Amino acid sequence: MQKTMKKMLDFIGIKSIEELFEDIPKEIRRGLNLPEPKEEMEVEEEIKKILEKNKSFFEVLSFLPIIKPHYIPPAVEEIVSREEFYTSYTPYQPEASQGLLQALFEYQSVVCELTGMDAANISMYDAATALGEACLMAERIKGRKKVIIPSNIFWHKKSVLKNYVKGAGIEIIEKKYNEEGLVEIDGGQADAIYIENPNFFGIIDDRYKEILEMKEKNDALLIVGVDPLYLAIFNPPSFYGADIVIGNGYLGNHMNFGGPMLGIFACRKEFVRQMPGKIIGANDEEKLCFSMTLQTREQHIRRGKATSNICSNEALLCISFLAYVSILGRDGLRKIAIKNMENAQYMAKKLEKIGFKLPFKRKFFNEFVSICPMNAKIFNSKLLEKGIESGLIIDEYVRNGILFGVTEMHSKNLIDECIEKMKEVIENDGKI
Amino acid sequence: MARYDEKLLIEIEEREEEKIEGIERKELNIPNLAEREVIRHFIHLSQMNYGVDTGFYPLGSCTMKYNPRILEKIARNEKINYVHPLQSEKNIQGCLEIIYKLEKMLCEITGMDAFTLQPCAGAHGELTGLLIARAYFEKKGERRKEVIVPDSAHGTNPASAKMAGFDVIEIPSKQGMVDMEALRSVLSDDTAVFMLTNPNTLGIFEKNIVEIAREVKKKGALLYYDGANLNAIMGITNPAIMGFDIVHLNLHKTFATPHGGGGPGSGPVGVKSFLERFLPVPRVREKNGKYFFDYEMPDSIGKVSYFYGNFSVLLKAYAYITMKGKKLEEVSKKAVLNSNYLMEKLRKAGVEVPFYGRRMHEFVVSTKNLNIRAMDVAKRLLDYGFHPPTVYFPLIVEEAMMIEPTEDATKETLDNFSNAIEKIIKEPSEILKNAPQNMPVKRVDEAKIAKKMILSWKDLKKS
Chain A
1 MQKTMKKMLD FIGIKSIEEL FEDIPKEIRR GLNLPEPKEE MEVEEEIKKI
51 LEKNKSFFEV LSFLPIIKPH YIPPAVEEIV SREEFYTSYT PYQPEASQGL
101 LQALFEYQSV VCELTGMDAA NISMYDAATA LGEACLMAER IKGRKKVIIP
151 SNIFWHKKSV LKNYVKGAGI EIIEKKYNEE GLVEIDGGQA DAIYIENPNF
201 FGIIDDRYKE ILEMKEKNDA LLIVGVDPLY LAIFNPPSFY GADIVIGNGY
251 LGNHMNFGGP MLGIFACRKE FVRQMPGKII GANDEEKLCF SMTLQTREQH
301 IRRGKATSNI CSNEALLCIS FLAYVSILGR DGLRKIAIKN MENAQYMAKK
351 LEKIGFKLPF KRKFFNEFVS ICPMNAKIFN SKLLEKGIES GLIIDEYVRN
401 GILFGVTEMH SKNLIDECIE KMKEVIENDG KI
Chain S
1 MARYDEKLLI EIEEREEEKI EGIERKELNI PNLAEREVIR HFIHLSQMNY
51 GVDTGFYPLG SCTMKYNPRI LEKIARNEKI NYVHPLQSEK NIQGCLEIIY
101 KLEKMLCEIT GMDAFTLQPC AGAHGELTGL LIARAYFEKK GERRKEVIVP
151 DSAHGTNPAS AKMAGFDVIE IPSKQGMVDM EALRSVLSDD TAVFMLTNPN
201 TLGIFEKNIV EIAREVKKKG ALLYYDGANL NAIMGITNPA IMGFDIVHLN
251 LHKTFATPHG GGGPGSGPVG VKSFLERFLP VPRVREKNGK YFFDYEMPDS
301 IGKVSYFYGN FSVLLKAYAY ITMKGKKLEE VSKKAVLNSN YLMEKLRKAG
351 VEVPFYGRRM HEFVVSTKNL NIRAMDVAKR LLDYGFHPPT VYFPLIVEEA
401 MMIEPTEDAT KETLDNFSNA IEKIIKEPSE ILKNAPQNMP VKRVDEAKIA
451 KKMILSWKDL KKS
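Going down the list, the sequences are from chains A and S.
The opening residue of the first sequence carries number 1 in this note's numbering; numbering runs sequentially from there.
The opening residue of the second sequence carries number 1 in this note's numbering; numbering runs sequentially from there.
Only chain S is shown next, with the shape it has when bound in the complex (with noise of 0.2 Å):
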């Protein structure tokens, strides 16, 4: 990685002012610049970051496979670029016909029966799977307050539930799974749904998942799947058969979307038929060969986002599913063999498997054992030319090390990568602590830049 003491925008030398004169606002501290200063200089910070193009980057939860060039291609065309979202039907049915076909490969992949394409992310599929759930159980007229979660899911899992205006109710794990005596102690009529990822951020695979359902489905509660783990498990099961009755998706981990430094990403939400009259509007529908728009859902939550979602990442999901068909088995398999593998080498060398056993597409591994901290095994992979792992995460386990290779790791990458931290546990602590040494900056003090404040270049000139 490149090391530049590079300049912010506003400290490169400007080009002449221009005299431009009849205009409210005086003061405006953006700087002219001529062009070619402005490309260095992103292109010098570009070789600051590590993304997927750069080396392996494991991060756990997150599914960083590659990203097709092809996608981009096609995403880079007038005929979405230049079109308006509320152009008349007529000029819009290419998208249309996009969102329409989608929808439909979603439901297949997942089992459900209708897909919402307007979520512009994961956490805002579970906002909006949860809203849905709330108008059922209103539309009932039940008032259900309660939302269940295990303590090993996502942080946006509470937190979605939390928005949408439910109370949270958090269940211990028991063996890195749910705990059938723990769920059956908290479930009652008060329960709105019980969210859930499988396999779970541990990258165990909920095997009393038919159970789980059972028992939910006895109290009138729905099943909701977190869908950030489905690279694990397409073409070999699917949540419908599980028995769930919502689901959210991430294009960007599972169908290969970029994740572009944090978004676009993009949360599909699919539900099984006795919800699809809850579903954003509008809705998609064909006849004959035409496709149009759909407003008359009296019993539709409205709108999550101010169009239709995120279309030119839907488009580029559309492309991938396109271009894998019914291979997408083979993703899912080769994703939950690079896994297995790799967490094979690992404990081979040393690194300690909390509940051990199979995994699917990602496991967590603990340093704990060998008392160094995940951090500094983290930092130092850095010096390697790795992306660190997920760390910290799932909660339930201390000094955790989150891990998920996806498919796209070649058996040298995951050798490579073994052996870095098979090297880096053996290393003196001195080393760990002070690195990274390779990187643009040395090791960065988090908590003295939230004590510091300094949140623009505004800041920067006072300090």
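Chain A on its own, in the form it takes in the complex (with noise of 0.2 Å):
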């Protein structure tokens, strides 16, 4: 036995580690069939192997949608690796916690000017969960047990929110799209509606008159989703009526096979008492200081009343947000934001070239369905053993549909290396 061990088991008056176990009793001891521990070097060469496997956005070039490969500079992973931010935990302790707090605070500053709203939390897990919370906050307010929301959203994203919402019993009624590929937008007597902006089919709904009219009439609260690098040239959400926004926060936060992924949610400051998570609020008087604040609405104060029960969040990933935003500065996102719509505007136009067909003829940003001139799923699996990855089939919403989703990283390049394969494809495959 160690030496240091040994006065530790003195010290406490004991002779080994084993009488510190004897409240557990002996009926339900349980070793671990584990293997023998490895050296640092052994798991890393392993892990690296199993990795291997993946193909990467640089190996196998992918227009998949929803989460996208974007370029990030290299000064966020600088500053998202620091280990003071890294290895702490919530900031319960605030004067030992400044530096986060200040981060977590200009994080919400950032969130309240892209989305127009006057309060962000500081994370949801992702924009499905970050929806769930939306309606369960709007029917705390509203008290009716339904909410509005259109029947083209992604999928995974409407079985969190049935999840989400089956506690509190609110009903999901599914509007349908038109030949658009928007939602007629009439509330009844909901506690939300909810709309997306772009929508699930990338487009761009810039009805906000009638939107606008729309939510006034219904008294409903306006949930709106969006993507945050849209924001930098589009109008925001407040700017049509929206009282609670949502998002993927993936700025600065890469794709990680889905996961952690960051959910923005922000909304109207009459509304922050029944906000779900984490909040950072400041003091200036005197010196600016911050801390976590509202607790009493969180799960360790108030419990089974509580407005939620998160508690860890994704409050690392809203540093790289926010890091990401700081390096790009107004211009830089707006160039960015620009260079995805224009990439995506270039992919579709070369895809009607080769006999795709656009079902909608409205904007859209850096998403949009195409109709494929074949069976989609032949396409898109002839075109994987090109090494393409093509986008997603949206099958169940259009027939033959597949939604792309194009970045800054499809440079027109790469697009016309793709497009020649595709017509390949096509060429080739197109009769079966």
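Errors might be hidden in some of the hints.
Cβ pair distances, simulated, as ranges [unchecked claim]: (1) GLU21/S to GLU396/A: 38 to 44 Å; (2) LEU8/S to SER16/A: 51 to 57 Å; (3) GLU42/A to LYS433/S: 50 to 56 Å; (4) GLU396/A to LYS217/S: 40 to 46 Å; (5) GLU42/A to LYS461/S: 53 to 59 Å; (6) ASN438/S to GLN345/A: 55 to 61 Å.
Hints in this document: simulated from the structure, not taken from any laboratory.
Note that the coordinates shown come from a computational prediction; the quantities given were computed from them, not determined experimentally.
Glycine is no exception: its CB is placed at the ideal position from the N, C-alpha and C atoms.
The task is to assemble the complex, starting from two chains supplied on their own in separate frames and drawing on the hints.
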């Protein structure tokens, strides 16, 4: 036995560590059937070998939507790799966490700027759980147990939403979309109407006046799902009456096979006490300082009556989001947004030249639906053989429709190369 | 810790604006800064923040253990960072293999039969577990409405139960443990789930666990294990053999993935085989060395998060468990030794340990008998260079300080911490009330912040 351990045992007044476990009945003792420990180097090699079996964007070009590859400046990774940030925990002791608190306050501020809302929390797990929380919040405010959503939202999101509102007994009503790919917005007596901008088909919903009028007529809260990059160049949801804004805060964060993600959550100030999650506040008397605030909404104080059960969140991803936005600045963000939109339009046009058709005539941002001139499943699998991941097939919405996602990383050269291969597939296998 | 009067990003001098034409949105108050200025800003902020790498961080219930650097290195890999969750299965075999194998590891550690890695945090795991319980009873045609939790439970337990649509019944503790009489008196045919942390939030092992499980099962209810305190029992016992049906783990606690200033975490949920059919989709399966997603689960509760969980966190936990292997048992033993040693030190220094006896990986003291506020001790500890323990939790102890040293603390650290507390409790109340003095700011008036409601830099400009 090590000397130090012996000293510690002596101090406690016992002979072996085993004595510390004497409260655990013998009949429920159980050891571990795990392999022998491994050296760091071995572990690194083993995992590298497993991950070799993945194909990254740089090996297999992809046009998959929802989350997409983006260039992240090295400075962002440097900032988020500061151990003072990532090895800390929820800033329960504000005096020892002013740095993190200020950064999170700035994150909230940036989210408020982008969305036009007055308050933001320091994250939900992802946009799907954020939508769930937003609907629960709307129900707390309106008490009608009914939310209206477009029928065209990603089915993963719909499934998460159903799980979130099940306990509260909220009915979800799906609105059909029209030939333009947009839903007619008419709420009736609901807690909330949810729309996405851009929507699941990538379409930009600029019916600002209609949305506002509808909102005033209906008295339901308006929840808007957004793309933060889109907001750099298009009007914020506050412009057309949003009460709660949610979104996927992918800026500065890698895809990482879909997680962790960052759920943006912001709202108008009058509803802030009904918000889920952690919020940072400031005091500007004398020296500016920060702490978590309005904690009486939260589970560690309010327990069963809390606005949400969320405790651990995605705070570190808020830091990378903020770092990304700060490094790019207003101009940089706008330029990237424009680039995304241009590349997507370019791709769509090129696809039309090889026989694809756009089913919707509306403006789109960096995602769009195009109808494959052949069976979309066969097209995708043949294209995969040529080393390209196509977009997401959304047959259930548009027959042979493929939802493509394009970013600044899909340069015109890459798109051209890819279109060539797509053309080959259509020419060779299009008759199947 | 450094002290800067660090400006807000919007107060830093901007670089020149470029002309960008033809966009719909006119106003966007996000500054254009030089990269150099941004880097300095964040370096300054980081230097005003206390992390596990800064020093001892004995935050009870949070298991602030050291985060090995290798985990970070492994997760910084294009083969994850630039992998899309909807890629075809043949191009994501590596990710699927990690998920598949990590599930198996967690099954071995907990004794459960199947795991989902989809929940993104502990509380998210609780919600998932309770939705599974709900689906199980619905399938049986039973409408059980109640979830029982002890009054010492984490706040997330009742909050999650409420979110899953259950009524919450809190039972009082007896001698810091589940009161069997109280439990029996509320168990009924309406009971869906009894949620328990073992060891509990006082750090006490619920030694009646076998009897508790028997009573719960007699009523046809399920027993839920809140895995926040798993760091105490790995390789000693496990939730399955204790009689639990559903378990959530906190990978960011037990398996050394960083806490990230509040997240990302990860809250996998394990179940006994009779509940497996209700787990979220998709499940990862293996056939002839090929891994694939299985969505054919008609009884599944569906999805609880966008894709497959916090993958990069899962990967780090996989690496940690692979490194430790069967020696995870020693992690728990060392954690428990450190905790008992520090408790004895503090007790000898005159600090009261309510319900004194053996503790597992953490313990709770009270400063009530010393006529000192736990919060004052916490703030003064900052001046001594330590992060304070969790204060005012669990709610059943007045002036509580919940201390979890983890296996990583050396004896020297524990001695220094104990010496600091010994000094602090003898210091004049003036000093305690005015602590901290050595931090970037004086004691923060949280009540005032709640009243002022300055929640973004827009509000600051107004006030």
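Right, here's what the structure says about each hint:
Judged by the Cβ atoms, the range 38 to 44 Å given for GLU21/S and GLU396/A holds: they are separated by roughly 40 Å. Between LEU8/S and SER16/A the CB atoms are about 56 Å apart, so this pair conforms to the stated range of 51 to 57 Å. Taking 50 to 56 Å as the suggested C-beta distance range, the pair GLU42/A and LYS433/S conforms, at roughly 53 Å. Look at GLU396/A against LYS217/S: about 43 Å separates their beta carbons, and that is inside 40 to 46 Å.
Distance hint for GLU42/A and LYS461/S: a CB-CB separation of about 55 Å, consistent with the stated range 53 to 59 Å. Under the hint 55 to 61 Å, the C-beta atoms of ASN438/S and GLN345/A, about 57 Å apart, fit the expected range.
No hint from the list above goes unmet by this structure.
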